[in-house]
Each structure stands twice: as C-alpha cells, then as structure tokens.
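**Q** Chain order of the listed sequences is R and X.
Residue numbers are given in the numbering used here: position 1 of the first sequence equals residue 1, and the series is strictly consecutive.
Converting from the second sequence to the numbering used here requires adding 1000 to each position, the first position being numbered 1.
The set of hints was computed from the structure by calculation and includes no laboratory data.
It is possible that part of the hints are untrue.
[Claimed, not checked] Some, not all, of what chain X presents toward chain R, calculated at C-beta under 7 Å:
hint, residue
1, Val-1011
2, Phe-1053
3, Ala-1066
4, Gly-1070
5, Ala-1074
[Claimed, not checked] Computed list of chain R residues with no C-beta within reach of chain X, every gap over 12 Å:
hint, residue
6, Thr-28
7, Phe-69
8, Arg-90
9, Ala-101
10, Thr-108
11, Asp-113
12, Ala-152
Note that this is a predicted model, so its numbers are computed, not measured.
Where is the CB? At the ideal position from N, CA and C, for every residue including glycine.
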Amino acid sequence: MPDPDTGVTGEPAAARPGGDRARTGTGTGPGRLLVAVYAVFALAAGARAGVQIGTKFSDAPLAYSLSAFAAAVYVVATVALARGGRTSFRVAVAACSVEMAGVVVIGTLSLVDRSAFPDATVWSGYGEGYGFVPLVLPMVGLRWLYRTARRARAEG
Amino acid sequence: MTTVLATVIIVVALLIAGYALVTALRGRAMGLPDLIGLGVLEALLVAQAVVGFVKLSGDGGPKHPATFIGYLLAVLVVPVAGAAWGLLERTRWGSAVLVVAGVAVAVMIVRMNQLWSGSA
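For reference, chain X alone in the conformation it holds in the complex (with noise of 0.2 Å):
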C-alpha cells in the first residue's frame, strides 16, 4: 500500500463526493466533471490494486490478506456503478447517488490503510 497513492485517492473521492453533494443541494442532475472525475478515480484504483498485488506477492502487506484483497477488488466495483445508477435518475437524485460512490470508496481505502498497517 503506498501511502501517496492511498492519500491521492482519498482526496480525489471526497472532492467527487463534495462537487456532486454542490450539484445535489442545487438540485441538478450528474454531469460530465462528475463522469471525468470517477473516470480518474477508477485508473487510480486499477492502479491501486496493480500496486497492491505486487507489493503483496513481496514481504509486505498484511498477515491475513484476504480481507485486504477483498477491499482491493470490491472498490473497483464502486465508481463503475455509482454512475451507472446516477445516470439513470437525471435529477438531484443522481447526484447524491455519487455523494455515496464518493464517500464509500474514501472510507474503503482509510479501511484498506489500517489493514495494511495492522491496526484494526
């Protein structure tokens, strides 16, 4: 797990989370910076989950990696559906749909941090 990318990651799903919880509350549908954005944040995650695997196939990583690999895979899942779902309401409701992406894939990766580190 590096810590650069897992921070980058982070950042990039709260601001996606943030943008679309604006456009939410302003009562508009899901656009295309919301699209460009989960676009970037799922190459992140692929990358993520390139460097996770390689780093575990080495010493590192932690004891029982079954639970970290599970977390590597399901947050692929994430951005991919979030807008698939959103696009198919094109009102506020789409929107905050990606507040949820946003916000799960954050907190899927702070959970992926204490994994790798062992303290939970």
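Only chain R is shown next, with the shape it has when bound in the complex (with noise of 0.2 Å):
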C-alpha cells in the first residue's frame, strides 16, 4: 500500500521476521542501522586521526598511533558488518572483539596516565568524548553478529 506521505510502499518491518532478506547477513535489516552508526565512527576516528597524524604526529606517536589503528578497526568492522556473508562475518567478529578490548585497554591506559594522551584518541576515557558509544557500540555489534549467525543456523 503506497503511504500518502511518502509516496512510496513502506512494509512494516514486522511483515517479515526472519524472511529471506533477513538471511543474506549482518548489513541488513537492523544491521543497516549499525552499519551506519559504524560507518559515522570510522569516519570520525579516521579524520581524527589523520589530521594528529598529518599535523603533529612526534608530540604523541603512540597515541596518534592508536588513534589512527582505532580508525582501521571501525573502517574494517564497517565494511565486514556491511558486505555480510562467511569470510567477512569471521572478520566483523574480530573486529568488533578488538574493538571491545581496545576500547577498554585503551580506556583504561588513557585514565591511568593522562599524559600519554594529550590529544585524545576515540578511545580514551572509555569514548567519553563520544558520549560512551565507543564502549556500547562492540557490545551491540558482538550480539548482533551473535544473532545473526544463530538465525542462519536456525534456518539452515
């Protein structure tokens, strides 16, 4: 049925649990929501890193450096997340469970000695200057890959 207010056939989500669509992988459905939550951190964590890198990379080498392996740990789990599929799934579960460990090693470094952070990287303080998303965000994708996969095993 065409809604009249957009002008285009929106099904209710709920029309479909578990259809075909929801079997092609991790990038659909409600994981197009955490792909983009993903995609807006890789590109955050990516920028930042850049410019501490382009800009004044020998104040904090390892920081900046941390920064910028935060960066391709959301830019891979991003993509992995998005394409779906067996070899990435494998590669969306590594990523996201470094992410979670560096998120907390990180978290806890940076808290610990301060000093070694001038500059922060995403990571620091648990991702308190990303309103804590970095530190939820593993734990979400973590069990979204973990319900995907029973899924596909539910349906064979």
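Given two chains presented individually in distinct reference frames, assemble the corresponding complex, making use of the accompanying hints.
**A** Okay, structure coming up:
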C-alpha cells in the first residue's frame, strides 16, 4: 500500500520476520543502522587520526598510532558488517572483539596516564568524548553478530 | 564560521533526524520528504564549506585549522552516504539510518563551532 505521506510502499518491518532477506547477512534489517553508526565512527576516528598524524605526529606517536589503529578497526568492522557473508562474518567478529578490547585497554590506560594521551583518541576515557558510544558499540555489534549467526543456523 | 548558517544547519539536520525517527517508529521506509530534506541539508553544507574556506583564507578561524577543515569536508559525505545506505533498506531500518546521519551532522557542526571559537 503506497504511503500517502511518503509516496512509497513502506512495508512494516514486522511483516517479514526472518524472511529470506534477513538471511543474507549482517548488513540488512537492523544491521543497516549498526553499519551506519560504525560508518560514522570510521569517519570520525579516521579524520581525527589523519589530522593528528598529518600535523603533529611527533607530539605523541603512541597515542596517534593507536588513534589510527582505532580508525582502521572501525573501517574494517563497517565494511565487514555491510558485506555480510561467511568470511566477512569472521572478520566482523574479529574487528568487534579487537574494538571491545581496545576501548577497555586504551580507556584504562588513558585514565591511568593522561599525559601519554594529550589529544584524545576515540577510545580515551572509554569513549567519553563520544558519549561512551565507542564502549557500547562493540557490545551491540557482537550481540548482533551472535543473533544473525543463530538465525542463520536455525534457518539452515 | 557564520553562527546563523551553522544554527540553520543544526536545526535542519535535527528536523531530518526527528522526521526519520517518527517514520522509523511507524515502521515505514524513508521516502521523498527525507530525500528533499537531505538535499537541502547537503546544499547548506556545501554553502558552509565555501564560506568556511573563504573565512579561513582571511583572518578568522582557529589557530590550527587542520581539524576544522577535516570536519568541513567530512560532513559533506554524511547526507549523501546516509541517503544511499538508507535507500538500500526499504524498511524502518532505512529510516533509522537517517536518524544517525542527521544527528551526526548536528554533532559535527557543534564541534566545528567549538573549534572555531576555540572553546574546545
């Protein structure tokens, strides 16, 4: 039924729970939203690392290298989640796991030794500069991957 | 950085996010109004980039403009990428993508304001 407001056919999402599109992978359905959030962080972390390394790398090489590493993890996670498929699934699990470990380790280090992180990375203070989204994101990502894997198994 | 233009962009971005949120909650895919909104937003962001570079080449602006320029250019990608990614998903989750895009643009403009005024 065409929607008078939007002029498009917007089917309710509930009309196709676990339909065949849902099986195609991690980048569809709610996964679209997850990929969008990951893409925003890939952009934010990437731009931040680019500026840090391009303009003042010698100030804090360790922190800026970690900044670049974080950006790379977000890019890999974004692409892997968006692509779906078996290999991408494994890559996505690895990326989200590294991201989880990264935000916890860097978050802790940045609080223990603030002088080593003069200019925050996205993971400093467990992502406090980004509303703690960097801390929540890998949890949501891993949970989503777990769900899609279970659904795929259930559907054969 | 003109305060008026920045404020208009923030308002438009949040309106798009709010409209998309309602659309998503109603279980509907994104539609023409979303695309028109994103088109307006993109035009405003291009205008801001032009104004921003003109002002940077003058006296105004932050002492270290690299980060500001990064935001100025990166924010241009968001509405286009959001529209493309949202259109691929003809369900409520496509609309949800636009909520992220709208909020992201608003947050980025706020950050740019802070960088410009040197309060961050």
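**Q** The output says Thr-108 of chain R does not contact chain X. Does that hold with a beta carbon cutoff of 12 Å?
**A** holds, 24 Å
**Q** Checking a non-interface call: every C-beta of chain X should be farther than 12 Å from the C-beta of Ala-101 of chain R. Is that right?
**A** Non-interface label stands for Ala-101 of chain R: nearest chain X Cβ at 25 Å, farther than 12 Å.
**Q** Does Ala-1074 of chain X meet its interface restraint, that is, does its C-beta lie within less than 7 Å of any C-beta in chain R?
**A** holds, 5 Å
**Q** So is Asp-113 of chain R really clear of chain X, every C-beta pair being over 12 Å apart?
**A** Non-interface label stands for Asp-113 of chain R: nearest chain X Cβ at 22 Å, farther than 12 Å.
**Q** Hey, does Arg-90 of chain R actually stay past 12 Å from chain X on C-beta?
**A** holds, 23 Å
**Q** Far enough from chain X: is every CB of that chain over 12 Å from the CB of Thr-28 of chain R?
**A** Nearest chain X Cβ is 7 Å from Thr-28 of chain R, so the label is violated.
**Q** Minimum Cβ distance from Phe-1053 of chain X to chain R below 7 Å?
**A** violated, 16 Å
**Q** Classify the label on Ala-152 of chain R as holds or violated, using whether its beta-carbon is more than 12 Å from each beta-carbon of chain X.
**A** holds, 18 Å
**Q** Holds or violated: is there a CB of chain R closer than 7 Å to the CB of Ala-1066 of chain X?
**A** Check passed: Cβ of Ala-1066 of chain X comes within 5 Å of chain R, closer than 7 Å.
**Q** Would the non-interface assignment of Phe-69 of chain R survive a Cβ cutoff of 12 Å against chain X?
**A** holds, 18 Å
**Q** Does Val-1011 of chain X hold up as a contact with chain R if the rule is Cβ-Cβ below 7 Å?
**A** violated, 20 Å
**Q** Per the CB criterion, is Gly-1070 of chain X less than 7 Å away from chain R?
**A** Where the cut-off is 7 Å and the nearest Cβ of chain R is about 4 Å from Gly-1070 of chain X, the hint holds.
Against the hints set out earlier in the document, violations occur for numbers 1, 2 and 6.
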